[in-house]
Each structure stands twice: as C-alpha cells, then as structure tokens.
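Using the sequences and the accompanying hints, generate a full structural model.
If you read the sequences in order, they're chains L and S. Under the numbering used here, the residue at position 37 of the first sequence is numbered 94, and the numbers go up by one with no gaps. Under the numbering used here, the residue at position 97 of the second sequence is numbered 154, and the numbers go up by one with no gaps.
Source of the hints: derived by calculation from the structure; they are not laboratory data. Keep in mind that a hint or two might mislead.
Here's a subset of chain S near chain L, in silico, CB distances under 10 Å, partners left out [unchecked claim]:
id, residue
1, I99
2, Y100
3, I219
4, G223
5, N229
6, L269
Here are the simulated DSSO-like pairs of lysine-lysine, each with C-alpha atoms no more than 27 Å apart in a straight line [as the list claims (entries may be wrong)]:
id, chain 1, residue 1, chain 2, residue 2
7, S, K258, L, K166
8, L, K158, S, K166
9, L, K210, L, K278
If you only want the chain L side, here are some residues facing chain S, beta carbon under 7 Å, derived [to be verified]:
id, residue
10, Y76
11, T157
12, P159
13, H194
14, A220
Idealized CB from N, CA, C, for every residue including glycine.
2 protein chains.
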Amino acid sequence: MKILVVEDERGLRENITTYFSEEGNICESCCDLATAIAKLSIYHYDCILLDIGLPDGDGFAVLEYLKLNRRDEVVIIISARNSLDDKIRGLNIGADDYLTKPFHLAELKARVIAVYRRKAANGKNLLVFNEIIIDLHGRTVTVNDTPIVLTRKEYDMLLYFIANKGKVIAKNALAEHLWGDEIDMHNNFDFIYTHIKNLRKKIIDAGGKDYLESVYGIGYKFKAI
Amino acid sequence: MKILVVEDERGLRENITTYFSEEGNICESCCDLATAIAKLSIYHYDCILLDIGLPDGDGFAVLEYLKLNRRDEVVIIISARNSLDDKIRGLNIGADDYLTKPFHLAELKARVIAVYRRKAANGKNLLVFNEIIIDLHGRTVTVNDTPIVLTRKEYDMLLYFIANKGKVIAKNALAEHLWGDEIDMHNNFDFIYTHIKNLRKKIIDAGGKDYLESVYGIGYKFKAI
DNA sequence: CAACGGCTTCAACATTTCTTCAATATCATA
DNA sequence: TATGATATTGAAGAAATGTTGAAGCCGTTG
Numbered sequence: 058m059k060i061l062v063v064e065d066e067r068g069l070r071e072n073i074t075t076y077f078s079e080e081g082n083i084c085e086s087c088c089d090l091a092t093a094i095a096k097l098s099i100y101h102y103d104c105i106l107l108d109i110g111l112p113d114g115d116g117f118a119v120l121e122y123l124k125l126n127r128r129d130e131v132v133i134i135i136s137a138r139n140s141l142d143d144k145i146r147g148l149n150i151g152a153d154d155y156l157t158k159p160f161h162l163a164e165l166k167a168r169v170i171a172v173y174r175r176k177a178a179n180g181k182n183l184l185v186f187n188e189i190i191i192d193l194h195g196r197t198v199t200v201n202d203t204p205i206v207l208t209r210k211e212y213d214m215l216l217y218f219i220a221n222k223g224k225v226i227a228k229n230a231l232a233e234h235l236w237g238d239e240i241d242m243h244n245n246f247d248f249i250y251t252h253i254k255n256l257r258k259k260i261i262d263a264g265g266k267d268y269l270e271s272v273y274g275i276g277y278k279f280k281a282i
Numbered sequence: 058m059k060i061l062v063v064e065d066e067r068g069l070r071e072n073i074t075t076y077f078s079e080e081g082n083i084c085e086s087c088c089d090l091a092t093a094i095a096k097l098s099i100y101h102y103d104c105i106l107l108d109i110g111l112p113d114g115d116g117f118a119v120l121e122y123l124k125l126n127r128r129d130e131v132v133i134i135i136s137a138r139n140s141l142d143d144k145i146r147g148l149n150i151g152a153d154d155y156l157t158k159p160f161h162l163a164e165l166k167a168r169v170i171a172v173y174r175r176k177a178a179n180g181k182n183l184l185v186f187n188e189i190i191i192d193l194h195g196r197t198v199t200v201n202d203t204p205i206v207l208t209r210k211e212y213d214m215l216l217y218f219i220a221n222k223g224k225v226i227a228k229n230a231l232a233e234h235l236w237g238d239e240i241d242m243h244n245n246f247d248f249i250y251t252h253i254k255n256l257r258k259k260i261i262d263a264g265g266k267d268y269l270e271s272v273y274g275i276g277y278k279f280k281a282i
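Here's what the structure looks like:
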C-alpha cells in the first residue's frame, strides 16, 4: 500500500512513516499543504494520513483538492483538534475517518485497513476478485482455494492491480507505486519484468487465469473479467 | 497483559500498579479523566481499572468513550460509591465488573482474570488453542499436557499471538505491545528475534507444532490451524 | 557478595527476496 | 517482411532479513 503522511510535527511524522514502512508499505511524507498538493498532483496514493493544523493552511484544502479532482484516495484525518465541528466538516468533505491526537500507531493501522477494505471490498477483511481471495489481515492469497505465497513486491503489486482492475497501469506508475521516490526514474525498470513474471506464474500455477495483460509500450492491465 | 489504572488517590494507585507489575503485567496509570482518555486514544490495553470519582469528572466518561469507539477493553470499575445505581449504570454502559472500595488486591486480581477469560474464551479459567493450554490464573502453559515455563515476555507474546491468531503482526507492533511506550522506535528490535526463538523452541520441545510463522520483511503470524 | 534468571546485544551464519543481466521472443510500423 | 523497440524468461549475484548460540548486563535473591 502506498501512503502519504501530511504532518508538520517532525517526530510524529517520522514515527508514522517508519511504522508503516516497516509494515511493508511504501510511505512518503511532507510537512506542509503546498508540498502535499504538489505531490498529489503528480502521484497516486492508496491512503493519505492528513493533519489539519499545517503551517501554511489547514488540511481541509487537501480534501477539497481531492474532491474537486474526483480522486479516490482514502483519507484519514489525524488532528489535535478534538472538536466535533472539525470532525463533521472533515467527514463531510470526504475524509474516511477521523482520529484525534495522540493515538496509538496500531490503532491508526487498524483504521487504515478498516477503511481500505470498506472502500475496496465487502465488509470482511477479504478482498475477493474472481478466484483470487486476499486476506488483508493474514496477508495471504488463495487462488481457487490454493494458497500461494507472495513476496512483498508481488503482494503489493497484486493489491495495486486489483484496486485498479481494468485500468492500464503504466510501467513507471507501477514502479512509482512500488518503490516510492527512492527510485531513479532514469532506470529502465527491468526488474519489474521479473516481478510480473513471478506473480503471473504463481497465479497461473495455482490454476488462476492469466489476468496480467501486457500493454505494449505502456505497461500492464489487470483484466477485469 | 497490558493494564491501565485510572485512580486519583495516589497510594491506592501505586499499590495496584506495583502489584500488577510484579505479577508480570505491563501496567500504566494516570490520575484524571483527561489523561485517561488521551492515553486510550493512543494505546490499546487489555484491561482498564477505573475509578469513578475523579478530579475532573466521573469515570463513566471513559466508558462512554470506549463504547463510542467500539473498543473492546475489559473495564473493571473500582469505586468508593456503593450505590446500586452507579453499579447498574456502569455495567450498562459497558463495564465488565464493579468492585467497591476498599478491597483486597487479590480479589481485584481474581476479577481481572475472571473477566478477561470470560471475554476472551470459553468461560473457563483456561485459554485453549489446539494443544496449547494457558491457565490465566496460574500463569502456566502446557503443550500436550507437558508444562512449559515461560518468561514474562514470552508469556505476553504468546497471549498476544493467540489473541491475534491468523493475523500478521508486524515486528514493531509486537514491540509496541510488549514494551509499551518505553521503547525507542528507532531500535532495530533485534531482541525480538531472541524472544521468538525461545518461545518457539519451548513450544516445539514440548511437542507442539511450530505455530510461529515468520513473514519475511514484516513480522510474524500465529498460524490459526 | 556470589549465584541466578531474565533481558538484551552481538556476530556468524542461513534463508529469502530483489535486482541485474543476457539470451530469446514478440510487437508495431515503415 | 525487416528493423528497432519492447517483453519474457531463467539463472545468478547482491542485498535484505531472519535464526541461532554465546556472552554481557542488571536487578533480585539467598
């Protein structure tokens, strides 16, 4: 999962970032409104953890930006203000959850997962796509009831593909999603071929269809059959 | 077990805290409503020992907070007020038990254990998972009827794993749960490896299966077979 | 104060995953 | 169809992470 943390308080920001990174997510962060919007205009995230009190304006602007551009990122507000008004306002503009500081990182994680699955799936902690079933908690995947073991990159990739099923995903968008800013964009992304190959093989070996359609010159599409 | 003691009378608070700490629990405390709610919004506890008469309001607010946020902590009210109304009210809002001051620590302990097991398991004093049987009262564990001796960390870890069986638990989430806020999150958590190793060995040596599955790059999962 | 148990640190080693690379195949288009 | 660009694949080295035993630390106990 790719997460953006918008939080000006350095310690908290780093804690959150470290935590979610170690959970196996790609985590980026920034500390003001302008950078947040700049990043959002370039990149796509699965989830945004948004502080309301920022040095150059309040976080509601981010929500408005997302709404205006019909984006589907999950937004969880993390705010020091515990006012009901803020909460209502935030949820009204499109936030998915509201958490008052201070909070337990484990709780934040639980909410991220909860909100993500509420948005992506059907209320359980399962993400189901035809014969592919992903247990978000157990981090396991089965194809036709055959369990398959995925590495981090493969798992993240599969999640990303299913979240964007039917859409063409450019190779560099995929790279960006899986590696964050760490990646040298002048790279030729050769390694993606390998990860695609491995994921494909694992799904097919377990009796699944070949969902990964390559789009010549662009990237890949997860066939939404 | 991780316990929060909310009690404004200093002597009693320290007695309880010391007592439960020495019993091998992680025990935190605070002396007013505001701090209690603040702590609860950050951390998760297994059990809350809650005084009703607090300097900045009455403890029922804590219960309301927990109910509102659909939390599952066990709450035992410890109050000087011996009115039936308070008791009924408390239990109605979601408290699990009610104890009138003064009381013996041993009795408090008994109630904590009773309530914890009532909630967690099957009405007995035992938490049973396949061939692993945990006696919450005696703080003993048997595997295939072979008693194994666990240290505090190992015991807490086992409890946490069983409570979250089937879910992947990140290394840092585990650290957070076992060491509370004392831990430096920049630590590499090397010691966890050792505790895992020891717990694993003790279970296997006693003839148990290897339930502790490591999830590369993330953490561990207690296999829910 | 010596012995002990439990917790943590460390370093060597084992395992898993990621990336690179080169050979081969496929595709778009001139 | 010939050509250059892009994709697929397997193998292998590099990097990251996990496992293990031993040793040190530290508070407790006798």
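Just pull the numbers of the violated hints for me, sorted ascending.
3, 6, 7, 8, 14
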